[in-house]
Each structure stands twice: as C-alpha cells, then as structure tokens.
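Residue numbers (this note's numbering), protein chains in the order written: chain H, 1 to 442; chain B, 1 to 407.
Rather than coming from a laboratory, the hints here were simulated on the basis of the structure. Glycine included, every Cβ here is placed at the ideal spot set by N, Cα and C. Check before you lean on any hint, since a few could be wrong.
Reference listing, derived: stretches of chain H covered by chain B, where coverage requires no fewer than 3 residues with Cβ under 8 Å from a Cβ of chain B [stated by the list, open to error]:
1. 217 to 224
2. 406 to 416
Taking beta-carbon pairs under 10 Å as the criterion, some of the chain B residues facing chain H (in silico) [to be verified]:
3. V55
4. F65
5. V69
6. T76
7. T118
8. A151
9. A296
10. L301
11. L322
12. L325
13. F331
14. G392
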Amino acid sequence: MLAPVHQAYLLEARQMQALSFAVHIPLVCFGIAFPAIIMFVEWRALRTGDPLYRTLARRWSRVMAALFAVGVITGTLLSFEMGLLWPGFTAAFGSVFGLGFALEGFSFFLEAIFIGIYVYGWDRLKPRTHLLTGIPIVIAGFTGSLFVIAVDAWMNHPGGFRLHDGKVTDVRPLRALFGNSYLWHELIHMYIAGYIVTGFLLAAAYAVGRLRSRERPATRYERTALAIPLAIAALASPVQVVVGDWAARDVATTQPIKLAAIEGLYRTTRGAPEHVLGWYTAGQVKYGIKIPHLLSLLSFHSWNAKVIGLDTVPPSDRPPINIVRFSFQTMVGIGTMLAVLGLLTLVVMARTRRLPGNVWFYRAVAAAGPLSVVALIAGWVTTEVGRQPWVVYGVMRTSQAVTGAHGIPFGYGALVVVYLAVACAVVFILRRLARSPLPAAA
Amino acid sequence: MALHDVPLIFVLIGLTFYAVLAGADFGAGMWLLLAGPGEAGHHRREHAHTATAPVWEANHVWLIFVITVLWTAYPTVFGSIASTLALPMFGAAMGIILRGASYALYSGVRKGRELRATETVFALSSVIAPFFLGTLVGAVAARRVPVGNAAGRLFSSWVSPVPIYGGVLAVATGAYLAAVFLAGDARRRGEQDLEQAYRTRALAAGVLAGALAIGGLLVVRHDARPLYEGLVHHGHIAAPICSALAGVATLALVARRAYEPARVIAALAVAAIVVGWALAQSPILLPGLTVARAAAPHETLVLVVIAVLAGAVILFPSLGLLFGLTLRGRFDPGAPSPGPPAAPATGADRTAPLARVAGACALAGAGVLVFADAQWAHAVAVVALLAAVVLGFFALRPGELADEGDA
Ligand code: HDD
Ligand code: HEM
Ligand code: HEM
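Bound-form chain H, shown alone (with noise of 0.2 Å):
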C-alpha cells in the first residue's frame, strides 16, 4: 500500500479519467456490437448469394478497423491512467481487482488477431471460413465487457478480501471479481448500451444521406443498410428500460446514498415520492415534478417502502448530487424516447414490411444516434460520479488514490487538445469512407 499524499488538482485528475473514458466507451460499443452486425450481413451475402449484402460487410468492416485501432489506443491511455492517475488504487488493490484486468487482456489478444484475420482476409479466405473467424471477435467483445465491468462493479460492491491495519489480507478474487450481485446489471445494460449506440449511430448515418437526398428515391443499398442496424436497435431499446429498472432497484439495496442523490432524497422517507425534472438545493428538489409514493414503488415495490435519505451520512459521504440528478434524468429521458421510437418503428415494419417513408421518422432516427451516446455516458456518470467520494465504495475515498505527481493540469490540457484532433481524424475517416467508391460487388 503506498501512504495517501496530497494532490492540490483531484478535481482535474478525476475530470482526467472522466475525459478518456468518455471517449473509450462510445468506441467500444462498435467493438461489443459490430462484429455480430457484420456478420449477418456476411451471412446474408452467403445465403442469397446477393452481392448487395457482401458489399455491404465489406465495407462496414473497413469502419469496424478504424474504429477498433482508435479504441484499442484509448482503452490503452485508460490502463497506464490506473497508474498515471491512481496509483494509490492500483498499489492497495491490484491484488484483489487485477485478475479481471489480466483475464482481459486474453480477450483482447483474441479480438486484435480475429480482427486482424477477418478483415484481411476477405477474398482470401474461403468465404465460409472467413464468416467463422468472426465468430471469435463476437465472443471477445462479450468476455471484454464481462471482465472490465467486473472490475468496476467491484468498485462499486466491494468483497472477496479483508482490511487490517490498513493493509489488504484474505484475498478472494474470484468472489470479489465474479462473485458479486452487483456485476450483473452492469454488465447486461452496457451490453445491450453497446447494440444501441452501435445500432442507431449507423442508422443515423444513413438518415442523415437520406434525407440530404430527398429528391431521389432511395437505393436498395442505401435502405438495407438503414433497415438492419435499425432492426437491432429498435428491439433492444425497450428491453433497456427494464434492463435499467433493474439495475435501480440493484443500486436501491446496495447504495442507498447512490439512489438518494440520484433522487435528491434528503431524509429518509416512508412512502417516498419521484421528482422528475427540478434542481436539488438545501436539502430538496425545486421545481420538479413530484409523484408520490412512486420510489418506494419502484425501488421496493411497495407503497411505503422506506427510502434512505442523504442525512444518514455526513456531507463528506455525499457525491455531488445535481450532477447525478441530472446525468440519471438524461439517462432515462433519452431511454424512454428511444424506447419509443424501437416500439413505433417495430410496429411500422411488422405491419407494413416496408421502412417508414415519413420524414420526421427519419429526423428522429437521425436524433437517435448522438442521444444514445449522451445515454450512454450520462449513464456511466451516474455510476461513477454517483459513487464519489470513493474509489472502493466505503473503503478507499478518491484522495486517497490520486497520484502524487504534478503537473496533472499539463496532462489535463495535453490530452484535450490530442482527443480533439483523435476527434476531428475519426469524423474525417468515416467521411471519407462513407464517400469512397463502393467496391467492385463481386
């Protein structure tokens, strides 16, 4: 364990941390889902032996290469950051979390090599074969999720070891890592965040061409291309809502403080109401929507449920409660609305067996694609925000980890600047890939 040491820039250090991984995990949800898309269409391709369908595969893996070399160096600036950054948290506990870590990293050993073999291998391979070496990378995204969110589920339901005089003893990984209630909500929601995000961003893409294009009808290319990442997406947006019930109910039994300042509750309640929308100032929400009873309800199922408030800890215990309050609305605001949108889409394409021709449809799948990304990393904020002032909820607070080392506002600013330009070279890419002529359809 190294001894805690005063760090004057935490808050940058942990906007540091929030930056990287707000520009990882939109990339690895084309890591968690893509594969499996393209592999469909490969699929497809080989089944009607259409080459509309194999055009289509191509191309989309040239994306899923791109986009996979971008998250492969973010999700690498991430792992020298759990020392960069915390290397209070690595030294306490890499004993107990790491396992997850080093398991992952066979994970992404296979999924660099299989995405290696697959996109290089078109034409090369012989095409059944080629569509089975996706079958790896799919696999990989899964168990990549599956370890890495052990970890933080870890964080946030800490087990599997034993504190004495400060000093980590009794050691369980495989109960701290996979033992524990609290993986499995994270796991599912992020995985089924992956097929959205990936799912309506690539929608959104051809939307958007659509309805740049209005005056000429659009290209069975062009609409399969819509239709199948839409498909996904639109099934599993309403499954996220109960999915994310779920998950609340999960946070309700094992960080009540979490939930209390994702609600804005101050004292614990009997009976406790919902407030939607408002603002959390001295100890209660302004102006908001008030529904009573109704987080009794759904956090416990019953009409007067006890609810534990914000006054049972010390304002040091406390996480910033308007950034929860506010991340957790955006959340599920744009959760519902997509959900929505997934149900109303299924019904017109089960009933009509054709897309919608209506032009707002397509503005709002347009909208649907950046809004998944803002759900999706406003989601992550709940949790992690929601977890401050600890790195280990309830054993190691973050300023206890943070590194002793300075100059952290230099990193700050150098990493800004360089992910902006990681920004701008990806926007570029998917242009121009988007805009280079289709290869021969062979």
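Mind docking chain B with the ligands on chain H? Use the hints.
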C-alpha cells in the same frame, strides 16, 4: 524459483514479445521517414505500412498483458513506476495514441499532401513511443524509481544517461528488427528492389544498434554501477555475451539473405538482453523491494498463473493462425483468392411463429425481471429478453424488408 517469481517470468516473456514484435512495428513506422524520394520511396513506404497492418494490434496487446499482470501480481510496483515516471509514461501514451490515430487515418486519406502529413505523424509517433517506453525500462534498471506514490523526482528520475540510453536503444533495435522483417517480406513477395533497399537498411541499422549496445555498457558502468556489476557478474555474463553473439549472427544471416532465421535469432538477442537485466537485478524489483515482498497474496498469484497458462492455450494457436497467414503471404496484395462464394440454397422463410415466440419471451422476461427478486430468476429473465431480441430480429427479416420501397 518460488511461486512469487512465476508471474514475473510471464512479465519478462511478455516484454520480450512486445520488444520484438511491437518493436518491429514501431521500426516500420520509423522507416517511413527514411524511405527516400519519388515513386520508389512511395513503394517502400507502402510496403512498410501494408506488411504490419494485419498484426500490429495483436502485437500491441503484449504491452497491456505486461501492465495488467504487473499490477495484479506486484501491486505496489506499477503504481510506484507510473507515478514517479509520470512524464515518460504520459509521453509514451501520447505516442501510442497519435500512432494509432494516424494508422486509422490511412484508411481514409488519398495520395499527395494528406498522405504525407499522415505518414509524418505516424513516423514521428513511431519514434516517440518506443523511446519513452525504453526510458521507463532504463529508469527502473538504473534503480531510480523508489517505492511510493510519486516518491521519485519528476525529471531527474529519467533525465539521466541510462534511461535516455534505454530509449535510444529501443528505437535503434526497433528500426533494425523492422528492416530485417520488411526485407524478408519483400523477398517472399518477389520484389527484389524492395528487398535490396531494406536489406541495406537492416545492415546499417544492425551495425548501429550493435555499436550502441556495446557502447552502452560504458554508459551503464558510469551511471548505474550496480546494474553494470550485475550484468558482468561472472554467473550472469553469459547473457550479454549470448546477446552479442546473436546480434552478430543475425547480421551475417541478413548479409546472406537468410531472413527467416535472422528473425528468430534477432528475437533471441533481445530475449538475452531481458534475461541479463533480470539476472542483474534479481531479487530486487525496486530499490529496497524484493520480488517476494512485492508479490500479491498467495491466492492471487495462483489464479494469475492459472489464468495466464489457460489464456496461453487459446492465445498461441490463434497467434499461430494470424502469423501463419501473414507470413505465408496470404494477406499480400495480389495473393490468390479462393473464388466467389458457392451458389446459395434459398429456402422459404417461415417467420410468423418466430415473431410470436419473440413476443412471448419479451413479456415473460420483462415480467420476471421486474417482479422476481431471486438471482436465478433474473438470469432466466435476461436470457428470455436476449432471446426475444434475437428471435425478433430474425422474425423481422430486416434484409428483405429493404427490398420493397418505403411505406
Ligand atoms: C444507450 C444507453 C443507455 C440507455 C438508453 C439507458 N441506460 Fe442506464 N446506463 C447506461 C446506459 C444506458 C450505461 C451503460 O452507461 C450504465 C453505466 C453503468 C452501467 O452499468 O450502465 C447505466 C447505468 C444505469 C444505472 C446505474 C447503475 C449503477 O450505478 O450500477 C441505472 C439505475 C440506470 N442506468 C437506469 C436506466 C433506466 C431506468 C433507463 C431507461 C429508461 C436507462 N438506464 C437507459
Ligand atoms: C465499461 C467499460 C469498458 C468496456 C465495455 C470496454 C470494452 C472494450 C472493448 C470491447 C475493447 C476492444 C477494442 C474496441 O472494440 O475498440 C476495448 C479496448 C481496450 N480497453 Fe476497454 N472497455 C471498458 C473500460 C476500460 C477500462 C476501465 C480500461 C483500462 C483501465 C480499458 C482498457 C482497454 C484497453 C487497454 C483496450 C485495448 C485492447 C487492445 O489492445 O486490443 N477499457 N475495451
Ligand atoms: C468498467 C470499467 C471502469 C473502471 C474500472 C473505472 C474506474 C474508475 C476509476 C479508478 C476512477 C477514478 C477514481 C474515482 O474518481 O472514483 C473513475 C472515475 C470516473 N469514471 Fe470510471 N471506471 C470505469 C468505467 C467508466 C466509464 C465507461 C465511464 C464513462 C464515461 C466512466 C466515467 C468516470 C467518471 C465520470 C469518473 C470521475 C468521477 C468523478 O470525478 O466524480 N467510468 N473510474
């Protein structure tokens, strides 16, 4: 050897793989700077790019492997290194980020100015990243990283002869390895001019790297006496000598155009340096901290060892597949293609029942997830919900959906 040494051996093996494989990828980037003008130069740059494209991401993961095993098995070590050596570590991260981003840009840029700018960033970052990674190793070897949260100096911990020398050596070895690999790839593709160009570069870089390695002993002797004494200690001297011999042998092999054995022997030369360093330093990890004291509790060590061995069972066959395909030239431009897909069998799709099953799964899953509390019930519910998504997707038949016009 005790259990607490085993993960360290994994770390050193990982480091060797990283130095050889990713080192060569970095080197390929550096050679973009020295490719020469005109059409021939363009051709050389393109070769350096395409030869590494399918493998660099897999090679990069060795670094992640090293870091994660380190912080799991020897928790205080990684935190101490990263907080004291924050600057070179951040520099390495920036190099890696710029390199990956400019690599991704390749797929979008066209010829001319755009391409030149991308290549320049790629090449410069290919120097920056291994340089800083080399200084990290150099600073640890020179015992300049005390145990503690940022306990060492921000600058003087690495701005000193041995760490800087470590960085330079990393760059030079990368350039040498890359030139050997690229010459070998060019020979396989039957491109004689290209082979000749990289062979010349390999010989030049090899002589330079060899001179650096030998001259470096003086730097080490002057700046890091304990490390020097460890290296030349009579029980350990075999390692540096092996490395030197292997280095000379690869040069001879390259001169004779035997690139495949040269690759392997070059890897041995690097491995021997790593072994020599490990012997020189053992049993100390950081000043005052032995491997035994730094090691995580028993159960963690056991699990790490099991995880790595089990992972290796999956990893090495997969790596074998990737490198087999690459080294046999299956990914080269113009490699033979197995021909168009066979004619498909189309059957009638019957999806109405599928949709009903999907709907039922969705309702049941949602109901159980919301109203049941038991863990196993949640598991069943999640499986039902995911099944609903998958079945629903196939019931919708989104492919055929697009065949018709809009509603
Ligand atoms: C596309 C993205 C997306 C959408 C539409 C939703 N969420 Fe979410 N949410 C996330 C993406 C996300 C996430 C992936 O960002 C988080 C962060 C941590 C996690 O496990 O998932 C998350 C966390 C998260 C948490 C905190 C869990 C924790 O701290 O462990 C709760 C309570 C909810 N969500 C609830 C909901 C509800 C009720 C939604 C529906 C209306 C919803 N989410 C839609
Ligand atoms: C919810 C959180 C996270 C998820 C779901 C996730 C998932 C993924 C996935 C799927 C990839 C594959 C690359 C890609 O698709 O672009 C990836 C890459 C990576 N991630 Fe994350 N990640 C998360 C958080 C983290 C954290 C906390 C770290 C480190 C501290 C990290 C480190 C990495 C690294 C090093 C890579 C590169 C792997 C390679 O070289 O192939 N990630 N991540
Ligand atoms: C799943 C793997 C993850 C791990 C292991 C992880 C770990 C950490 C660590 C060590 C910190 C610093 C200590 C602290 O502030 O408590 C942190 C903070 C933070 N992380 Fe995560 N995190 C993960 C996922 C994410 C994701 C995906 C996001 C997405 C945006 C995110 C957003 C944040 C934010 C906003 C903070 C700063 C909190 C604050 O300063 O109030 N995290 N996380």
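- Message: Please check whether T118(B) passes as an interface residue: C-beta within 10 Å of a C-beta belonging to chain H.
- Response: Nearest chain H Cβ about 9 Å off; hint holds.
- Does F331(B) meet its interface restraint, that is, does its C-beta lie within less than 10 Å of any C-beta in chain H? 4 Å, holds
- Given hint L325(B) near chain H, where the shortest CB pair must fall under 10 Å: 6 Å, holds
- Identify whether the interface hint at A296(B) stands, where standing means a beta carbon of chain H within less than 10 Å of its own. 3 Å, holds
- Residue hint G392(B), partner chain H, criterion CB-CB below 10 Å: Where the cut-off is 10 Å and the nearest Cβ of chain H is about 5 Å from G392(B), the hint holds.
- Item | Coverage assertion for the stretch 217 to 224 of chain H with respect to chain B, Cβ distance below 8 Å, three residues required | Holds: 5 residues of the stretch 217 to 224 of chain H have a Cβ under 8 Å from chain B.
- Task: Using Cβ atoms only, decide whether A151(B) comes closer than 10 Å to chain H, and label the hint accordingly.
- Result: A151(B) check passes; min Cβ-Cβ to chain H is 8 Å, inside 10 Å.
- Message: Using a Cβ cutoff of 8 Å, are there at least 3 residues of the stretch 406 to 416 of chain H near chain B, or does the coverage claim fail?
- Response: With 4 residues close enough to chain B, the hint holds.
- Query: Should the hint that F65(B) touches chain H count as held when the rule is a Cβ pair under 10 Å?
  - Reply: 5 Å, holds
- Item | When the least beta-carbon distance from T76(B) to chain H is tested against 10 Å, hint result | Nearest chain H Cβ about 5 Å off; hint holds.
- Could you check if L301(B) really has its C-beta closer than 10 Å to a C-beta on chain H? With a closest approach of 9 Å, the L301(B) hint holds.
- Message: Can you verify the interface hint for V69(B): is its Cβ closer than 10 Å to any Cβ in chain H?
- Response: 6 Å, holds
When each numbered hint is compared with the structure, no violation occurs for any of them.
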